[in-house]
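Protein chains: 2
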Amino acid sequence: MADKFMSMKNLTFTLNSRGGRYRSITPDYLSNHTPKRVDMVFKAALDLGKKVLHPMFEEMDRRPPQLVDGRVRIHPGVRPMLERLGEDGWISALFPERWEGESMPSSLLLCINYIFATANYSASVYAGLTMGAAKLILSFGSKTLQNRYLPPMLAGKWQGTMALTEPESGTSLGDLCTEAVPLEQGGSEPDQAKQGQYKISGEKIFISAGDHDGVDNVVHLMLARIKGAPPGVRGISLFVVPKFRPDSQGNLVDNDVIVTQVFHKLGYRGAPIVGLRLGEKENCIGYLVGKEHQGLSYMFQMMNNARLEVGMGATAIATSAYHSALTYCRTRCQGRKITASKDSAPIPIIEHPDVKRMLLFQRAVSEGSLSLILQCGMYEDILARDPSQTDCHLLLELLTPVAKTYPSEMGILSTSTAIQCFGGYGYCDDFPVEQHFRDMRIHTIHEGTTGIQAMDLLGRKLTMENGRTLILLKQEMEDAIGSARNHPELAKMVQEMGNAMGMLEKTSLGLGGVAMEKGPEAYLADASLFLEMFGIMVIGWQWLTMADAALVELAKLEKEGSKKKDILFYKGKVHVAHYFFAYELPKMEGLANTLEHSGQMTLDIPEACFTD
Amino acid sequence: MADKFMSMKNLTFTLNSRGGRYRSITPDYLSNHTPKRVDMVFKAALDLGKKVLHPMFEEMDRRPPQLVDGRVRIHPGVRPMLERLGEDGWISALFPERWEGESMPSSLLLCINYIFATANYSASVYAGLTMGAAKLILSFGSKTLQNRYLPPMLAGKWQGTMALTEPESGTSLGDLCTEAVPLEQGGSEPDQAKQGQYKISGEKIFISAGDHDGVDNVVHLMLARIKGAPPGVRGISLFVVPKFRPDSQGNLVDNDVIVTQVFHKLGYRGAPIVGLRLGEKENCIGYLVGKEHQGLSYMFQMMNNARLEVGMGATAIATSAYHSALTYCRTRCQGRKITASKDSAPIPIIEHPDVKRMLLFQRAVSEGSLSLILQCGMYEDILARDPSQTDCHLLLELLTPVAKTYPSEMGILSTSTAIQCFGGYGYCDDFPVEQHFRDMRIHTIHEGTTGIQAMDLLGRKLTMENGRTLILLKQEMEDAIGSARNHPELAKMVQEMGNAMGMLEKTSLGLGGVAMEKGPEAYLADASLFLEMFGIMVIGWQWLTMADAALVELAKLEKEGSKKKDILFYKGKVHVAHYFFAYELPKMEGLANTLEHSGQMTLDIPEACFTD
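Protein chains in written order, with the numbering used here: chain G, 1 to 612; chain X, 1 to 612.
FYI, nobody ran anything at the bench for these hints, they're computed from the structure.
Computed from a predicted structure; not experimentally measured.
Any given hint might turn out to be false.
[Claimed, not checked] List time: in silico DSSO-like cross-link candidates among lysine-lysine, alpha-carbon distance up to 27 Å:
#1 Lys518(G) x Lys337(X)
#2 Lys492(X) x Lys506(G)
#3 Lys342(X) x Lys227(G)
#4 Lys587(X) x Lys506(G)
#5 Lys587(G) x Lys492(X)
#6 Lys571(G) x Lys492(G)
#7 Lys291(X) x Lys342(G)
#8 Lys291(G) x Lys342(X)
#9 Lys587(X) x Lys492(G)
#10 Lys43(X) x Lys556(X)
#11 Lys587(X) x Lys587(G)
#12 Lys342(G) x Lys227(X)
#13 Lys199(G) x Lys135(G)
Kindly produce the complete structure, drawing on both the sequences and the hints.
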């Protein structure tokens, strides 16, 4: 399979064209990563994507994980892939030198994961999950836990997971009831060796990569409630709960973690999602990470990044589907121009305006999303190196629900549009787009549903520090507008961007009035629509920034003498930006209208009216 | 499985609340079908749906058709189902008495197919395809063909299909090249017995139910080009091409129709879609239906109805998914009201405003779509009984692309929203909604893609008889507005409906200007957006009509003394209408903006700019 699934040119352009007032800091934090080095790393990742991940793309879907004799059997290609990712240092890349990493900036890591996910989304999540779990141990775990768990995890030999959800506690984490009882509690004297050790009992579901035979051990970063802890979110602690625990001799012994089921999923089938029962034989030990009852706050420090990764995964799937559709539309001949003679030969379907529109839509979504995610990555990186940059923190907080949701929601439409480009063939598994459509559908659900992201944006993020977040975003957008003013070609976009900002502000103020008059429930009733509207504006900002950067590059090329393909690339970018402003940005109008006039009717309609 | 998958109350209400200036004719054409008789028929259909079709819903998906030794093996439940549908007269229902039918009006048949399709979409298409093929034979075939083929088809023993698509000719039917050579051509004298018989050779793909072991024979209504016929659509003829042809003794002999493949599809897996090779051994006979070169016009007389059936299928799947989601949202407890104490028990998720919004959206789509399809069914029925009602013909022509597309496009979002109601469980096959999401995705493709419907609406239907179609639709909508004025509660809706009509008219006029200035290609460049905008307006009209009818019923109930469940049903209807006008109708604004300001940019962007 030599399918093209991503564009390196586009990735590099997007990484380098990030805008806003922090642009000047960017080269600084990337100082250890020269453009040449970055290119090399990306090329190596793409090479791995092509040779290792992509060839398994379909087969991992067609032969999904199976529970056999208590163990989850997965595609045999995953084990060598994880070993390779470990050996070559991909899993440890973000870690400091002490762990043989290179403290890779978050932006670059997002790019690398993007490359892997365009090649094969399911295959890419294994290592990503391990990185996240390992980072939690590094950030909050004891030296003992670090020394015991990090080396095999970073080597790709042990799988890391995040174990939060329970059958009665999905979105509502405060209701989780997996229990942890201190081991030393039973004895009369405190036992040094058993400190920090707990007997775990309970049930978890929907645990990604929660068990499989591609690794020698699975390390769950698990939320549980210490016996006697306060109810709700304040009584939740974080534990390391391995499938096999090292005994005093360092041998691995069974830790009483039983796989109850493998979920049969619509897509994303290459990675197992499992249910777990803990402590059925009262022999499941968990190791406390950090302090008691602080588990949720630890987890949430990882959550922003996890949500960016979800947005990135959705973006990657949309990208890959777009490239399949593009190849098909260029080669498939069908129909003629309306004005052409009926006797003329059929033309490649890319020449039909409606097909071009479908391709433009997919680019608007996937490239706009990538740009936003890398913008967030930039704020993350600046903040990681200089925690005094609190404005970056606020921007990141504000934009994370958008960067998670816009790619995930619009990605459903984008991959659906990829199917449409193929006609009947798109509905068949002869082409990969039906799989992309299925793989995509998870992203509005995991790591917080769209409804949760919407309440986070409107209820928390927009009201932080008395609305300072929105002021900061406006400054960023005004910076982009100011820069774009240099190009007469962008005059209309500049004006429309300003109008969009004004519209959003008016809507926000209107909702503030609803909050005062009717209370918080009414304020949040239409939060999902607000998030949708906000998302369109934010992606508009990204397209304005990209159009600006593309025109700058075009001017350079014209001076230097043209490389035709490059010129077409930058011109194409500007076209897609125009498309976004003409076809996507106007959707804000209807949303603003609804947000202003709905009267929050969903609050008042009685449940009993859903009769039948 | 005792899942609820449709609401009989809602179906009957929708059938009886159809509005417009033709309302007065409605009771007349239904004269042979009293409300009591209709109820009885619907109940029998639902009973069959519950007992025969629905129990196979999941299994037909999990065990998709397989090509074994040249024959397509399908779920063993299909054969007894088809026999039952034949015996009980469901397949012959629309046919005249001569064929043991009861000349059932199209509206009622749409309702029955809706019931079957809510129970199990894939299972419902077998009989539907046979009906369509049989109707073609009845309308245009010779007595000999009728006598030979109709009895076993209407008995459910032979399968009917529509065989149009070829590998290089999907949307572009004019390019098809399956060939038909007259049998008598070879001999020196005309052979009476061989008249109307042709040797067929060629290849067909994407033939629904094109072969399976649930019947004894398969009868393809196939388009092919008689040798020497003019190129393009003017040279296409219609043939009956059976899998086994009756010989002179009446025995069935192999007709050289080979199954080349069974397509592996995203959904709709209970029904086989196959590829066929015809005449590999030069022994495939086809029987001309009607006159030479008239094939496409015959096929298109069936196409309107086929497109309504697609819209109805999409509506049915959305309905079924909604009922699953509703049941889940009523019983699944998670989270609390924002204002509730953290110690309080979790509440059913239907009480969360965002969940209510998602349920309202699904109702707005599925019930609005059903209403439009039955409205079209009404025009069809009036026209069938009185061909002088040419206005009904024009309305039907105008509304068919909408009735096909709105349910199909919005159904993708509606079933996706059903998944979202379930959270992670919606992504798993423990619940039926992921299958509904997959089953749905075919409908924007088959029987003419959305792009084709859009060009049909804007390019053909809107311009018929100098724009008379739109004037007629306006009259229908004004009738609905006039009636709704009786209810002060609908005053805002009435006003917004008027505004929407005005907006659409302005957009149409603007596009007329584009046509004059820039020609037909520019006029049609954004046709898909126009269809989307038009569809929202039309469904708004349906919701206004339903709200009006529901308020009339409510007034009656209040006089009669209340049945509480009925009151809730009608109040619910009015709520959903309000939802549609507040949340869906405003989407027209952004579309109008784009249609006015896009400058038809998709025409001008060079294909070369899709570089990477």
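Practice task
List in ascending order the numbers of the hints, as given earlier, that are violated by the structure.
Solution key: Those not satisfied: there are none.
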